[in-house]
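Undergrad: Our numbering puts the sequence shown at residues 13 to 432.
Be aware that one or more of the hints could be misleading.
Think about it this way: if two alpha-carbon atoms lie no more than 20 angstroms apart in a straight line, the pair counts; the simulated PhoX-like pairs of lysine-lysine are [as the list claims (entries may be wrong)]: (1) Lys283 <-> Lys327; (2) Lys70 <-> Lys102; (3) Lys343 <-> Lys259; (4) Lys91 <-> Lys365; (5) Lys295 <-> Lys343; (6) Lys365 <-> Lys264; (7) Lys264 <-> Lys92; (8) Lys70 <-> Lys91; (9) Lys343 <-> Lys327.
Keep in mind that the hints were calculated from the coordinates and are not lab data.
Just so it is clear, the structure is predicted and the values come from calculations on it, not from any experiment.
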Amino acid sequence: KGFIELGASWLHGEYGNVLYEIARDKHLIGDPLEESSVEGEGHFCTDYGQHLDDEAVKDVIMVLEGIKEDLSNGCYADKKMSAGEVFKLKFQEYIDDKMSPFHDLTILWGLFNWYMKFEKIDNACRSLDDVSIKTYSEWSECEGVQLINFKTGFQSVVNLFAQQLPSSVIRLNTPVINVDFFEECVRVNTESGDRYECEYILLTCSPGFLKENLHSLFTPALPQRKADAIRSVGYGTINKIYLQFEKPFWTKSDLGFQLIWTSEDHKDLPKWVYDISGFDIVKGQPNFLLCWIGGDGAETVENESDEVVGLSCTKVLQMFLKDLCVQNPTKIIASKWKSNKYIRGAYSHGSVKFDKLGLTHEDLVEPISKEIRIQGTVVTKPVILFAGEATVRNYYSTTHGALLSGMREAQRIIDSIEKK
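My request is simple: use the sequences and hints to build the entire structure.
TA: Put into structure tokens, the structure is as follows:
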């Protein structure tokens, strides 16, 4: 009954969000306040079954949110540090000032590590030490409700756009193996042997796919700076694990259960469980819990069977919620985005490596162009254009950013045609 999302979950923000405006006008969403979700909220529990005081937890998280806000405001722009290093440095200063409501350092650093896991999932990275400070200062948030659900899922957006195109121009199950731009026209070669000659190519492949296939996808090879930008842009994996239970063991007022580890060396648990931030309730699915997993664990868990994933998650819940009767889930539904050879991950972030090479988003966006002669005049024509969430400096990782990037490149094609 209903649906669950294995990919993008929500619309983020109302004001200035072009995708929200489309979804609202086409009645794909209801009242944002009534149809929004929560994440990273609820009971904060330790691995020995203690429920931490809500107000004390809020105080510590407010400190971490303050560090994040300072990063977003560019307060550390002159520092040659990663985002992770800034978080650690400033949190240590907070501990040294002895202002925390918790006197147990194990709990304090457990809360810090939970927040880092949450941020790793938000940024789709292995570690915040890989994430550039610019990731925070360049990113913009659309104001308004943040976690807005669709009435019938994100697929309704895809259907809306597809309905506006003649079905004859859409090719499904037609993998592209090479884009040849050696001659004046661009040739797209497919796995089935079909070839398409085009004036313009607009690529929206994920950075993960481009990284893996860069050596074979383009003929001739892309210019060095473009290739460096693709190879070094931050891109990682996150996954979702849905647990369906015969009946909920939680109450209707519970928002979720967040995991505060005091030790990450429990002998009877696989290592990947330590990359789970917590278990959230699922809007419209009263018998489901959703756990997000990032870092290395997001990739490792893809190799596990549903049975192992279910048993491991149950052990974790029983360990943290000793006062509740947690039964085994009846079903596990998990995404495996790293294993998908056309995706190879989730979404992008600004990387330290990208900055060290002196690269910018313009290097990702810059089209491959050719000089052509039109009525005796030599003009530069973009022939391979690049779009996708990773190419939008202030809205990377979002669906509205991805949409804006496509609109940007469509306009570039229109401008090129009008020059003829």
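Undergrad: Confirm or reject each hint.
TA: Hints and how they fare:
At roughly 13 angstroms between alpha-carbon atoms, Lys283 and Lys327 fall within 20 angstroms of each other, so this suggested pair holds. A C-alpha spacing of about 17 angstroms is found between Lys70 and Lys102, which places the hinted pair at or below 20 angstroms, so the restraint holds. Distance hint between Lys343 and Lys259 is fulfilled; the C-alpha atoms sit about 12 angstroms from each other, no more than 20 angstroms. At most 20 angstroms may separate the alpha-carbon atoms for a hinted pair to count; Lys91 and Lys365 meet this at roughly 15 angstroms.
This hinted pair checks out: Lys295 and Lys343 have alpha carbons roughly 17 angstroms apart, not beyond 20 angstroms. Between the alpha carbons of Lys365 and Lys264 the distance comes to roughly 45 angstroms, so the proposed pair goes past 20 angstroms and is violated. A distance of roughly 47 angstroms separates the Cα atoms of Lys264 and Lys92; the hinted pair therefore is violated under the 20 angstroms criterion. Between Lys70 and Lys91 the alpha-carbon distance is near 28 angstroms, which puts this suggested pair outside the 20 angstroms criterion.
Straight-line distance between C-alpha atoms of Lys343 and Lys327 comes to about 15 angstroms, which keeps the hinted pair within the 20 angstroms bound.
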